[in-house]
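> Keeping their order, the protein sequence lines are chains X, H, A, G and V.
According to my numbering, the stretch in the first sequence is residues 1 to 252, in order.
According to my numbering, the stretch in the second sequence is residues 1001 to 1252, in order.
According to my numbering, the stretch in the third sequence is residues 2001 to 2252, in order.
According to my numbering, the stretch in the fourth sequence is residues 3001 to 3252, in order.
According to my numbering, the stretch in the fifth sequence is residues 4001 to 4252, in order.
It is worth saying that the hints were derived from the structure and are not from the lab.
Backbone N, C-alpha and C fix where the C-beta goes; we use that ideal spot for every residue, glycine too.
Heads up, a few of these hints could be off.
As the list claims (entries may be wrong) - A few chain H residues that don't get close to chain A, going by computed Cβ distances all over 10 Å:
id: 1; residue: 1007
id: 2; residue: 1048
id: 3; residue: 1067
id: 4; residue: 1140
id: 5; residue: 1149
id: 6; residue: 1186
id: 7; residue: 1203
What the hints assert, rightly or not - Across the chosen pairs, the derived CB separations fall in these ranges:
id: 8; chain 1: V; residue 1: 4087; chain 2: G; residue 2: 3181; range: 37 to 43 Å
id: 9; chain 1: G; residue 1: 3090; chain 2: V; residue 2: 4123; range: 58 to 64 Å
id: 10; chain 1: G; residue 1: 3053; chain 2: X; residue 2: 120; range: 53 to 59 Å
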Amino acid sequence: MQDIKLFEDIGELFGLHPLVLEDILNTDQRPKTDDYGDYIYLVLKNFHGRENGNLLSDQVSIILGKDFILSFQERESGLFDSIKDKMSKNKGRIRKEGADYLAHAIIDNIVDNYFIVLENLEEKIEYLEDDLVKKATPSTLDTIHILKRELILLRKSLWPLREAVSALERSDSSLINKSTGIYFKDIYDHIIAIIDTVETFRDMLSGMLDIYLSTTSNRLNEVMKVLTIIATIFMPLTFIAGVYGMKMSYPI
Amino acid sequence: MQDIKLFEDIGELFGLHPLVLEDILNTDQRPKTDDYGDYIYLVLKNFHGRENGNLLSDQVSIILGKDFILSFQERESGLFDSIKDKMSKNKGRIRKEGADYLAHAIIDNIVDNYFIVLENLEEKIEYLEDDLVKKATPSTLDTIHILKRELILLRKSLWPLREAVSALERSDSSLINKSTGIYFKDIYDHIIAIIDTVETFRDMLSGMLDIYLSTTSNRLNEVMKVLTIIATIFMPLTFIAGVYGMKMSYPI
Amino acid sequence: MQDIKLFEDIGELFGLHPLVLEDILNTDQRPKTDDYGDYIYLVLKNFHGRENGNLLSDQVSIILGKDFILSFQERESGLFDSIKDKMSKNKGRIRKEGADYLAHAIIDNIVDNYFIVLENLEEKIEYLEDDLVKKATPSTLDTIHILKRELILLRKSLWPLREAVSALERSDSSLINKSTGIYFKDIYDHIIAIIDTVETFRDMLSGMLDIYLSTTSNRLNEVMKVLTIIATIFMPLTFIAGVYGMKMSYPI
Amino acid sequence: MQDIKLFEDIGELFGLHPLVLEDILNTDQRPKTDDYGDYIYLVLKNFHGRENGNLLSDQVSIILGKDFILSFQERESGLFDSIKDKMSKNKGRIRKEGADYLAHAIIDNIVDNYFIVLENLEEKIEYLEDDLVKKATPSTLDTIHILKRELILLRKSLWPLREAVSALERSDSSLINKSTGIYFKDIYDHIIAIIDTVETFRDMLSGMLDIYLSTTSNRLNEVMKVLTIIATIFMPLTFIAGVYGMKMSYPI
Amino acid sequence: MQDIKLFEDIGELFGLHPLVLEDILNTDQRPKTDDYGDYIYLVLKNFHGRENGNLLSDQVSIILGKDFILSFQERESGLFDSIKDKMSKNKGRIRKEGADYLAHAIIDNIVDNYFIVLENLEEKIEYLEDDLVKKATPSTLDTIHILKRELILLRKSLWPLREAVSALERSDSSLINKSTGIYFKDIYDHIIAIIDTVETFRDMLSGMLDIYLSTTSNRLNEVMKVLTIIATIFMPLTFIAGVYGMKMSYPI
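Chain X on its own, in the form it takes in the complex (with noise of 0.2 Å):
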């Protein structure tokens, strides 16, 4: 996506909207879905691996035409690699079916892609839990924060992504075919699921800090209740020594 020019030279050949274009350049979009009658423009991100711990996300544009596709990434990632393969080795269904199948292939990585971000995070959570109830320490406080942090970043792009599949699902553009419809229900049923993975993976994050917040204070409690133990045997034991050693020394 470095070359401007030949970009600019295959929207013009293919009579892109200087929006899209726009769009396509700037890697910051929101996901969703733009009819322009002779070709829908789509842009989603695409979730592959971490680096140093976070998360990478690439902004993949599409754009569905009567018998094409585009598509367009920010960088370069293996999301069309099983789509390739399946082509070269005619496997399935995908070079029977038309453009709008095509795309639904490519959604259907990026929403898979999800879970496996989403497995990830599980695994994450549920040895966060077992932390919580053995021994919760400052850096479980960390682990909740990134791990919240995290899940705000993927509702932020899950949300438009589900309007934006929804969008496609309910189209009633020529360019998509009514049998790839349920194709795209499919994919829309996903995204539900995940979306409501992540709230609840949020809910039990907000459990889990009440939890450690309430830990905390109860160990507050015990250390003070030690302190208080030992000042309530000592103090008035010492305040003895000391009245008893100023009568012993009377006689003296």
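Please arrange chains H, A, G and V on chain X, whose structure you already have, making use of the hints.
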């Protein structure tokens, strides 16, 4: 559900869509109703008892056709026992009505299982409330945490269940008889009542967590007051004893 | 409601649907309105007084037919006294209007009982607020907790009550006269006002819990300051006394 | 509004529905608009000043007929002064337009009074914010609590007011002129702006409570650090002094 | 906007409604779009930079007529510079399109200013997050508080801005060209993205406040542990020293 070959044969025999077969096998589905014209595909979560204190749930798939019902379960459970019993003894309306009434009977059983889970939870919450007033311990906190998690899990399957049954009730499919509609409405009312109860339990648990936290800080206050009273009495006394002893030794 | 035989006979006589009979007997219903064509089935919760400090509620079922009203109560209560009184004394419009107006009169009485509960709660909340400012004790916390629970219970029956009455108001059933519609609208307005008040009470109790918690930590601060001041004064003094006493004994 | 006889005569003269008369006398109404065909009944809350620091509110009922306006107030207040003034001086459009414009003028005055209340609250919140940074005392907490309560009260009357005015604006009653509609739209916009501000104030107060609580625990931390430092210095020293004194007395 | 006479003349010349003139002068308006048939009245908030750390905002009123645009600003700002520049240099489409496109260009500039504010906030939040992990001080708390307030202010103008632009986009007014509609849709998408980001920032700040509070109580725990350890060691030792010294003085 182990025998994939048999499963695929059934799919072919009844003309099921590949997406349906995929959904039946993938036991992580969100409850939903999909109308495929010739048949309606339903997927639900059945909660049946506990194991090691954790709620057990199974995925149940129902395919409602013109004159048949297919159902697939993740694991063997007693879900159909009462229905088989009624059918063999020719009790109730179950053999007089069509396939849609049979589907209703299965869903009704699944929803009744939620009531059993709720009664169990209610008992625990009442027990917890007694505990909270009499003797709140850190294990009270654990119980609140565990109950909260179970409610989160129940909610996650209840809201889509509500949608799925609502879709059946409002369906204009020829597969569902007008006179059966009222039975789906009845199940729908039960689900709403269950959701209300779950939300009420959540509110109650939140309130109990607040009380627990307040009790903890009240207790800290008590401990600190004891410490302060002892320090206020014995620190000056010890000092006086020290000074007196010091003075008393002058004449020596 | 003990005599099941009589009850079933009534059901048959008036041609009631088996689901209605089931709902009447199951006293755990969510308030709702079901239109069965020939009659409308209504189920409500009536709050009448307290026992051992707990709110008492009864399930009231009303069947509104062409020229008749059937009503079933969980327990004997004075709910119909004022209506019987008006009817026997031929006061008001109650004997001039149809069965729908009578149904309205019963529902109106039930809704009025909510106002009585609210007034009682308002008194307690005001009393609590005075307490909070003057002398907050752990029992203040208990009271907040109990009031919160009662509001949760009220809410649980108010929202479906609102729906049930709204369904009556917007009903196009021939059983409800146009001129009676405005009376149901009036009840609906009352329910909305009750819900508003309940929500306001919830907000106020939440605010009071925050204040209670802040007061608790303020008090802890005060206690700790006293402790610190005493320690700051007497620890150095005791040390000096110790050293001085030590030195003073040199010449001996 | 004391003279019930006169009141009932008015009701009969203008053909008012018994429910309207009841609502006018019951000064605990939720703001609303009821269209009775021949006339529109409006009930609102007018906030006019304070007494002993509490907001004063009155119920104002307006009946908008073909060529007349009836209005009933709970208490005498200056609400109509500016309108009477404009009418007597023949200023503005108030004498050229119909009864609906007059109704608009009254509602406009009532809504303007909310702005006055908000300005007063804004001042207090700004004053509070200064306090929070410079010197937070327990009285800061009381002020937050009182302001929160006032916002809860305002909200309780604002949301239904919004509905009531929206009903007027969207009304297709012949009593409301097309050209007056835009004035009701204007009032509606003002109410939305007031609600926005109230919500903003609520958010700000919540934020301030959080800050207050954090400041309190920061302060506790400071106090405890002083205590710990003193104890860390003087406890060992006192012990050493004790031991030294003990040893020093050996040679004696 | 000081010259009232000129202002009223303009109003008369362009046939503006008195309510529009009032709204332009009252610089406390909520963003909105009002369609008056012959012209559309728009009022927006323009955020341009900071003064003493506070966000500066101006009210901008736009009147979009058949062949003209009127715009009124609360204060002089560089809002129109880029547009004037484009027009004078005949760059872009701005001189080829109609008044609606010009209106779009102004709104686009205003929305772009929100992005600048957000970038500035993002920087501060990232800086804050670093601080939180490394060294949380009471000033961290102040910063969280200030950022929260700014987000509250932004939100207050963003939601109505969204409505206002959505009204333009969906408008069937003849003043807005079909081909311009897509540009308003583009602005609308930007506003939604801004709102998403603001909500995300709010969630992040809430999370950071929780972490701050937990860190504070962790720190208190640490301090109390030190105190308790010291007391546990030296209180018994001091007592023993006292007793020993007391005993040692016997033989003397």
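> Compare the structure with each hint and give your call.
Results of checking the hints against the structure:
1. The Cβ of residue 1007 (chain H) sits about 37 Å from the closest Cβ of chain A, beyond the 10 Å cut-off, so the non-interface label holds.
2. The Cβ of residue 1048 (chain H) sits about 22 Å from the closest Cβ of chain A, beyond the 10 Å cut-off, so the non-interface label holds.
3. Under the 10 Å C-beta cut-off, the non-interface status given to residue 1067 (chain H) relative to chain A holds; the minimum distance is some 25 Å.
4. No Cβ of chain A approaches the Cβ of residue 1140 (chain H) within 10 Å, the least distance being about 14 Å, so the stated non-interface status holds.
5. Non-interface call for residue 1149 (chain H) relative to chain A: holds, since the shortest CB-CB distance, roughly 20 Å, exceeds 10 Å.
6. With a least beta-carbon separation of about 5 Å from chain A, residue 1186 (chain H) fails to lie farther than 10 Å from that chain, contradicting its non-interface assignment.
7. A cut-off of 10 Å between C-beta atoms contradicts the statement that residue 1203 (chain H) is not in contact with chain A; the least separation is 5 Å.
8. For residue 4087 (chain V) and residue 3181 (chain G), the hinted distance range of 37 to 43 Å is satisfied, since their beta carbons lie about 38 Å from each other.
9. Judged by the Cβ atoms, the range 58 to 64 Å given for residue 3090 (chain G) and residue 4123 (chain V) holds: they are separated by roughly 60 Å.
10. Between residue 3053 (chain G) and residue 120 (chain X) the beta carbons are some 56 Å apart, a value that agrees with the proposed interval 53 to 59 Å.
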